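A.B. asks: Take a look at the letters that make up each chain.
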Amino acid sequence: MSGIYIHIPFCKQACSYCDFYFVTKSVQKEDFVSSLIQEIAALEGHLFTEEVVRSVYFGGGTPSLLTSDQLERIMAELERVFTLEVDELTIEMNPDNVTPDYLMSLKACGFDRISMGVQSFSEKSLSFMNRAHNRDQALKALDDIVASSFKNYTVDLIYGLPNQTKSELQEDIDQLMEFDPPHISAYALTIEHNTRLAKQVELGKVKPADDDHVVNQMDLLAESLKNYSLYRYEVSSFAKEGFQAKHNQIYWNHGNYIGLGPGAHSFWWPKSSEEKKKLIGDGLGFSKGSSSEKEVALRWSNPKDLMAYIHKKNDYQQKIRTLIEPVNESSLAEEYIWLGLRTSRGFDHTLLLDLYKFEFNTKQHVRLKKLVKEGKISQSGDRFSLTTEGVRLADYIALDLLS
Amino acid sequence: MSNIRNFCIIAHIDHGKSTLADRLLQITGTITERQMQEQMLDDMDLERERGITIKSHAIKLNYERPNGEKYFFNLIDTPGHVDFAYEVSRALKACEGAILVVDATQGIEAQTISNLYQAIEQGLEIIPVLNKIDLPSSDPEGVGQQVVDLIGCKMEEILHVSGKTGEGVLKLLETIIERVPAPKEEVDKPLRALIFDSIFNTYRGSVAYVRVVEGVLKKGERFRFMSNGMNYNAEDVGYLRMSYEPTQELRAGDVGYVIGSVKSLQDVRVGDTITHVKNGAIEPIPGYQEAKPVVFSGMFPTRSEDFEDLRSALEKLQLNDASLTYEPETSKALGFGFRAGFLGLLHMEIVQERLDREFNIDIITTVPNVQYEVELEDKSKIRVDNPSQMPEVGEIITILEPYIKASIITPAEYIGSIMKLCQERRGVYVNQMFMQNNRVEISYELPMAEVVFDFYDRLKSGTRGYASLDYELIEYRPGQLVRLDILLNGDQVDALSSISHKDKAYYQGRKVCTKLKELIPRQQYEVAIQAAIGSRIIARDSVRALRKDVTAKCYGGDITRKRKLLEKQKEGKKRMKQVGAVEIPQEAFLAVLSMDDDDR
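The listed protein sequences correspond, in order, to chains X and S. With my numbering applied, the first sequence corresponds to residues 10 to 412, in that order. With my numbering applied, the second sequence corresponds to residues 22 to 621, in that order.
Isolated chain X, as found in the complex (with noise of 0.2 Å):
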């Protein structure tokens, strides 16, 4: 079971907090599409399409930059050289972008669920975001996908921005569940390096928002929502019963995925000895020698350079090479962990015993009980989830619980 993740580079222009791999300029578009066909149909035969797919995920970058037939290319050279069986289908979507027509089109490719980045509905935010639409354009798009026959999909909201008002905050969501969308995903601004956001608070131009103020709003989002039966299940993503995010699952859940195209990133854990001997058979990750032992999964990541995508394969995959990281068994561990701390799972210390060979030692065990004690993290058996209080800190307990 994997999952296939597809970058597509284009936006029309650059919001001020991202920091994903993107170019503004669309003349390539056609050119990409070619290159990312070609990256697909070079791994026909692969292990990796070994697996069934579940879950392909277009995302950006603007996907919905593209035309309907260039997805339907891309899609129809994914079905060839893999086992598709999906049960979700995803592509990303700014408000700017959508037309019932093209809407149609989508579902007609395929899709059955969208990601709309529709952060604000506020004037004031968007244009401090430096986003692409208004909020009649946000509006407007809402209004498509309710009337489309797509019954999931998701929005995507940002709080916590300098001078935001608990109000405001407010405002945004009331106006977001005149839709009833059965999924939102929340993120707190975060000031990433190399931003156009990050320029801004080094000169002073910016001040970020107080943490204490962010907490605040972060705990009226999740009251808020939990009205409208949108339950937290991740730090930052709230569904319905069950409209969770499958393809984000397997990211979190250590499933296998294959990220394509310039800046995706893709994960293999290997299930059996032939399957890592075949990995290590095409030259691909794990060092050699006896540390390789130790070494279970490999995560990679592709280039972030278009044009070398485009016109210079060779160095392109000569590229990847060095940008192949093997994982070993005990940081495998600790991922399951902290990514299990972030989601409303938790980590199962059976599983975590079983499937990773991790055991706490006495030290992370006394942590682990006080943690418990002080409301940080609740146990039900073997599973342990951070409480409400707890996610705030997730990064401060999973640090404190793995050193």
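A couple of the hints might just be wrong.
Cross-link-like lysine to any residue pairs, in silico, SDA-like; alpha carbons within 25 Å at most [said to hold, decoys possible]:
#	chain 1	residue 1	chain 2	residue 2
1	S	Lys240	S	Ile403
2	X	Lys379	X	Val224
3	S	Lys585	X	Ser339
4	X	Lys372	S	Phe328
5	S	Lys538	X	Leu408
6	S	Lys594	X	Thr199
7	S	Lys91	S	Ser264
Listed next, the stretches of chain X that the computed footprint assigns to chain S, with coverage defined by at least 3 CB atoms under 8 Å from CB atoms of chain S [unchecked claim]:
#	region
8	35-43
9	212-224
10	279-288
No lab work stands behind these hints: they were computed from the structure. In this text the structure is predicted, and so the values were computed from the model without any measurement. All residues carry an ideal CB built from backbone N, CA and C; glycine is no exception.
Could you slot chain S onto chain X? The hints should help.
C.D. replies: Same frame as chain X, but now just chain S:
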């Protein structure tokens, strides 16, 4: 014997001692032109260290006069810093004469005066020399007058040389022969040789550099260190050339080396006397002292696992530097480390720098402090060199602190700023004397504790580098001193305790609290920061509890990044120091411990 001359050079840092010494080596043919080049290059690299050379060295030069007479000179180099005054005094004792080198562009400095007086006290023949006379800015008249005023010589007795061009150097060599007395030929007396320096050689053990004052030491003879009674075989004796030059014997008047498979440098003490085991001298050469540390500081490895490395590094340093003392110390906040004693601040800096450069060990050093004498209620007296060991207020009758007499020489325009600095540091004005060239010597009595921390830097920066400082310990005096403690959530942070003057404690306590507030990261619970004298809280601040620490977005590509961050944080956490439930990052200690006086 009359063809031997033993002399040293007294000069302030930067007054051209090294260059002049190099020129002497070159003119006497002790080193070739080619070697000279190499030597010069080495000197370039070491230039900075030259100024802080803690070891004194010696070298034997051959000199043939124009009339064909052959002479041997032993040039003994003296350390140029106040921390090593004792080593200077030993080096002077190995000589009959001293060349007083004064930079003709700058004039006499405080340190030079103190060394000069020592030399005069020991009865050395002084040859005054003005150096750098090739420079257009040189002022032989004015600076010469300073020298005349200082040593009472005649103007025409002052030699003018340029170490750079070699001008006047031959005349200097001739003058040495004429004016420096030959050593006394007391070969018939029982052996007495003064150790004026020692070094550690990995292959040969400790090497003593000696001046034989009386008697003869032959290769193979049994000898004894008179201070500790240890006996050794003189396996090798010889002269100090560019390398060791073995001979069969060292005679009264000679300067050379003695090797006797002495494993520890601790046994070869500068100032000690070597004599024969059989028929040895009864009395050692007077004036031997054990070097006593005056400045103390805790040294802790930033990573606790480096403790053993730090121990072996200190052991190695001590091999070459017998004046360094240390003993293990355990701090609740900083873990296992050492409390080390130094001859002075510069000595401390050298050791810290060597630990960093030669052994690559990251250490946290606590604020340097002096040794206090404490009179307790039960009438007993103790010495305290670690603030955290200062007894509770109720047990103390008086705390006495060491005072120094500082002599500062400065251009007159900086008198104001120097006086301000000395007043701030609780100085007691003694007097001031005007010298030639609009320069002044200012004397102050200062608590040594006020000088050990950045006084010298402040002095230099307040006078554009022109002032020079010399000091000597004078006595212990009672002071209004208190132990200032820093508490985190009620737990004392021992490494941050300090002894402070009562009037300064409030200000300092507030500053430390503010600094810690900036540097201690928010934790699960609020952290109360307090400064206290005994049970009295004099300043407080707090770090609010951490409310939020969670990554918003975590998808395919974020996992690697997050994992790496976690690894880094785990590493950082290992380096955190724990006080009670509070975790303090290394940087917080470093920042508080290195706060300059404006911060304190």
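A.B. asks: Run every hint past the structure and note whether it holds.
C.D. replies: Going down the list of hints, with the structure as the test:
Under the criterion of a C-alpha separation no larger than 25 Å, the hint pairing S/Lys240 with S/Ile403 is inconsistent with the structure, at around 47 Å. A hinted pair counts as satisfied when its Cα atoms are at most 25 Å apart, and X/Lys379 with X/Val224 qualifies at roughly 23 Å. This hinted pair checks out: S/Lys585 and X/Ser339 have alpha carbons roughly 13 Å apart, not beyond 25 Å. About 23 Å separates the Cα atoms of X/Lys372 and S/Phe328, which keeps this hinted pair within 25 Å; it holds.
Straight-line distance between C-alpha atoms of S/Lys538 and X/Leu408 comes to about 22 Å, which keeps the hinted pair within the 25 Å bound. For the hint pairing S/Lys594 with X/Thr199, the CA-to-CA distance comes to about 23 Å; that is within 25 Å, so the pair holds. For the hint linking S/Lys91 to S/Ser264, the alpha-carbon distance of about 21 Å falls within 25 Å, and the restraint holds. Residues of the region 35-43 of chain X with a Cβ under 8 Å from some Cβ of chain S number 0, which does not satisfy the need for three, so the listed coverage is violated.
As drawn, the region 212-224 of chain X meets chain S at 4 residues by the rule of a beta-carbon pair under 8 Å; at three or more, the given contact holds. Only residues whose beta carbon comes within less than 8 Å of a beta carbon in chain S count, and the region 279-288 of chain X has 0; fewer than three means the coverage is violated.
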